[in-house]
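Visitor: All chains, please: the whole structure from these sequences, using the hints.
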Amino acid sequence: MPKIDTADGPVWKRRQTPKQLMIWFGWLIAVAIAAYAWHLISEKTVWFFVWDAPRQMLDISTRMVPPAWSYMDVLWKPVWDTINIATIGSMIAMAIAIPVAFAAAHNTTPHRLVRAGALFIIVSTRSINSLVWALLLVVVVGPGVLAGTLAIGIRSIGGCAKLLYEGIEEINQTQVEAIEATGASPAQKMIYGVLPQVLPTFAGVGVFRWDVNVRGSTILGIVGAGGIGVQLNASINTLAWTQVSMILLVILGAVILSEWISAKVRHAII
Amino acid sequence: MLRLENVTKRYKTGDVALKNVSLEIPEGQVIALIGPSGAGKSTLIRCVNRLVEPTEGTIWLGDTELTALSPGDLRKARRRMGMIFQEYALVERLTVMENVLSGRLGYVGFWQAWFRKFPKKDVREAYRLLDRVGLMHMADKRADELSGGQRQRVGICRALIQDPDLLLVDEPTASLDPKTSRQIMRLINELCKERGLAAIINIHDVHLAQMYSQRIVGLKAGELVFDGPPDGLVPEVLTEIYGEEDWEATIEDVDEDEEEASK
Amino acid sequence: MSPPTSPYPNSWKKPHFIKNPLLRWGLILGTAIYVALALGTMEVNWIRVWEGLPRGQRLLAAFFPPNFSDTRGVIIDGILESIWMAIIATIGGIVLSVPVGLGAARNLSPRWVYLFCRFIVASSRTFPEIIVAIFAVKFFGFGPFAGFIALSIGTVGFFAKLLAEDIEAMNKTQAEAVRSTGSSWFQWINYAIQPQVMPRMIGLSLYRLDINFRESAVVGIVGAGGIGAHLITSISRYEYDTTAAILLVIIAIVISLEYTSGYLRKWVQ
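Residue numbers (this note's numbering), protein chains in the order written: chain A, 1 to 270; chain B, 1 to 263; chain C, 1 to 269.
Read the hints as simulated data drawn from the structure, not as lab findings. Using N, Cα and C, we set each Cβ at its ideal position, and we do this for glycine too. Incorrect hints may appear among the rest.
Computed list of lysine-lysine pairs in DSS-like fashion (alpha-carbon distance at most 30 Å, straight line) [to be verified]: (1) B/K141 to A/K264; (2) A/K19 to B/K12; (3) C/K13 to B/K121; (4) C/K266 to B/K141; (5) B/K141 to B/K120; (6) B/K121 to B/K220; (7) B/K141 to B/K19; (8) C/K14 to B/K76; (9) B/K120 to C/K19; (10) A/K264 to A/K77.
Sample of chain B residues with no beta-carbon within 12 Å of chain A, all distances over it, derived [stated by the list, open to error]: (11) M1; (12) T8; (13) E56; (14) K76; (15) E87; (16) G109; (17) P164; (18) R186; (19) K193; (20) D227; (21) V237; (22) D246.
Guide: Here it is, written out as structure tokens:
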């Protein structure tokens, strides 16, 4: 009890002493970890370069202006590809993620083993960054947009399914109970009790993921998996800084646009 | 018509919600189940349609032993028991009409349910019920656009469209204001009379219980401690159920309210 | 049931989600055309795909069993570097995020602070960590420091934004109740805002640690330290068994991180 009786009468404390101690201890550990991590990182750092960074920044920034506006002619196709990688990738991902999510949610899974399998799919696909998936897929299907789309798609299965199944687990169970009480079959219970509650979440997750994926697909070109990253990588390697700044502007535009669309759509749904 | 024999419910946590409850309800009788929070009222009605599985005991609905049914047969039996919930439990993102029609899910197949293709007579009945509770014009509204009292009316329609023999009513007025509470209770009562339905109504409010039921059953800590007519609820009985309190004021008003309600 | 002459309609149609039929069909058609175009313009070299399949098979086969022994020391070094990078970037990023997040909440801050903080959030969210990492490497040199910088920037964008949104979405009555007691701004934050957003924020910081670790595993691809460098080397040298080993270690760490964070989140709430 947080009320402690003392000689001067009862004293109210927010937490019991042991719990307070635990919290302090937690903070101590956090600080120790931070200090140790910092020590390790700084050991591997060439501080000369770090101190030189402001000069570098200034230098490169001046070389970046003005952006090579004319380079845009080359960029239209990569931009289109980038958006497509994100969109088609997200579609593939959602198509697979929805059944996986139902299998993974406590309240809708048909069986414990199915749930374990679904969780395995979720964890293994989302533990690996889309860039790594792209690296692997470039080896398999060759460089290009297909590798990128598949990479985004595979990575997003886990990313979507996780959010989806959490959404499914958060639904109001009484509403489902009410449908069950009418004598509905399990499948009917799903479409009347569960689905209406989670559809907005599903749409939100899909759009959110698409937004994330637009950003993600801009970099896949670094490992050759298509999209505008190919041009970014090439321009940086050839020190064509005015082209780099142009590409960054385009990426900025794409990201802002996708965020705007996703916000609009989510607003319309909810 | 409904018979509970020695029903006991023990939750996994070890809490005993119902202890050896036996109860018989004849056709067309409306009974109020009263008792303090945690007395097992909710568990009792959920045991009847097996949203909660009783640990021991048997429950009969007519000639059907509910406690022995397979999942498929249980679904069929559930069609005969309409349930009305405390927080309405409408599927908020569905329209009023879909919520009402969901009461027919036990009678239609999956694809009919999916495409919302319910038989004509179901749709007609849904409109009729909505009209009966004064919500005909709300059919296309989403359930979450409705007020509490309106939602509960939709909940009532959903239960009635099942064409049940028995209503299980769980705290129908707990989230409603006093006036709406009375209207809802009166509505449930009228509908039961119209259709000759039996009903078990869990209710907090002793007052409303007395006004709108033919028989009162008191539960305390999972045990049946009172079973009698509404006017049998003398202060001693209430003390037995709820504990010591000045009960005179609660009981005295009854007649007055009855008059007011009938206006 | 009602007689056939019932005054009630026989059928009912669910109102469409998008009421305007023109808009509805326009959207459906537009989506279909877009998808067709997107798929149509996707250049796929099917011969290359066909040729690649055996390689895919070899890659898959390398997982059974993976080769941990040959390059164990290198893998452990790289992984540890990634982990520490993720931790310090999470901590640094969150520390920076709190003031930015408070500032970026519309209901807390004056307009100019709000706009300024939103600008910080937007600019640090815009570019993927990898692009930031490329530049961090250019500026700060190769190694984990560049990765630390890139991940910290990403963390600020993520965390401050969610913190701000959470504050904006909080329960107003609670906030008003505390305000009405005559509390100061800091007391108000401490009593009304913090309890409401804290559990979720702790959850999110653990979640961000997750993300940061995953990112720290790849920033090495552009030279910003961590295991990523070894990963890309192993692939380019066709040492798929080493690739498999690295991936499995990454997955194992991500899973254990996730379990720990799930457990901690429960403990916190």
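Visitor: None of the hints should be skipped; say for each whether it holds.
Guide: Right, here's what the structure says about each hint:
1. Only pairs whose Cα atoms come within 30 Å are accepted, and B/K141 paired with A/K264 is accepted, the gap being roughly 23 Å.
2. For the suggested pair A/K19 and B/K12, the alpha carbons sit about 29 Å apart, so the restraint of at most 30 Å is met.
3. Distance hint between C/K13 and B/K121 is fulfilled; the C-alpha atoms sit about 15 Å from each other, no more than 30 Å.
4. The suggested pairing of C/K266 with B/K141 is violated, with an alpha-carbon distance near 39 Å, which exceeds 30 Å.
5. Of the pairs offered as hints, the one joining B/K141 and B/K120 holds, with about 20 Å between alpha carbons and a cut-off of 30 Å not exceeded.
6. Between B/K121 and B/K220 the alpha-carbon distance is near 44 Å, which puts this suggested pair outside the 30 Å criterion.
7. This hinted pair does not check out: B/K141 and B/K19 have alpha carbons roughly 43 Å apart, beyond 30 Å.
8. Simply put, C/K14 and B/K76 have alpha-carbon atoms about 27 Å apart, close enough for the 30 Å limit, and the pair holds.
9. Between B/K120 and C/K19, the direct Cα distance comes to roughly 25 Å. Compliance with the 30 Å bound is thereby established for this hinted pair.
10. This hinted pair checks out: A/K264 and A/K77 have alpha carbons roughly 26 Å apart, not beyond 30 Å.
11. Residue placement check: B/M1 keeps its beta carbon more than 12 Å from all beta carbons of chain A (closest about 18 Å).
12. For B/T8, the non-interface assignment is confirmed: its Cβ lies about 22 Å from the closest Cβ of chain A, beyond the 12 Å cut-off.
13. A cut-off of 12 Å between C-beta atoms confirms that B/E56 is not in contact with chain A; the least separation is 22 Å.
14. At roughly 7 Å from the closest C-beta of chain A, the C-beta of B/K76 falls inside 12 Å, breaking its exclusion from the interface.
15. The Cβ of B/E87 does not lie farther than 12 Å from every Cβ of chain A; its closest approach is about 6 Å, which violates its non-interface assignment.
16. Look at B/G109: its CB is around 9 Å from the nearest CB on chain A, not clear of 12 Å, so calling it non-interface is violated.
17. Against chain A, the non-interface label of B/P164 is violated: not every CB pair exceeds 12 Å, the least being about 9 Å.
18. No Cβ of chain A comes within 12 Å of the Cβ of B/R186; the nearest lies about 22 Å off, and the non-interface call holds.
19. Once the 12 Å rule is applied to beta carbons, B/K193 is consistent with being away from chain A; the minimum gap is 23 Å.
20. No beta-carbon of chain A is positioned within 12 Å of the beta-carbon of B/D227; the least distance is around 25 Å.
21. Consistency note on B/V237: stated as away from chain A, and its beta-carbon is indeed over 12 Å from all of that chain's, at 31 Å minimum.
22. Here B/D246 stays apart from chain A, with its beta-carbon at least about 31 Å from theirs, past the 12 Å limit.
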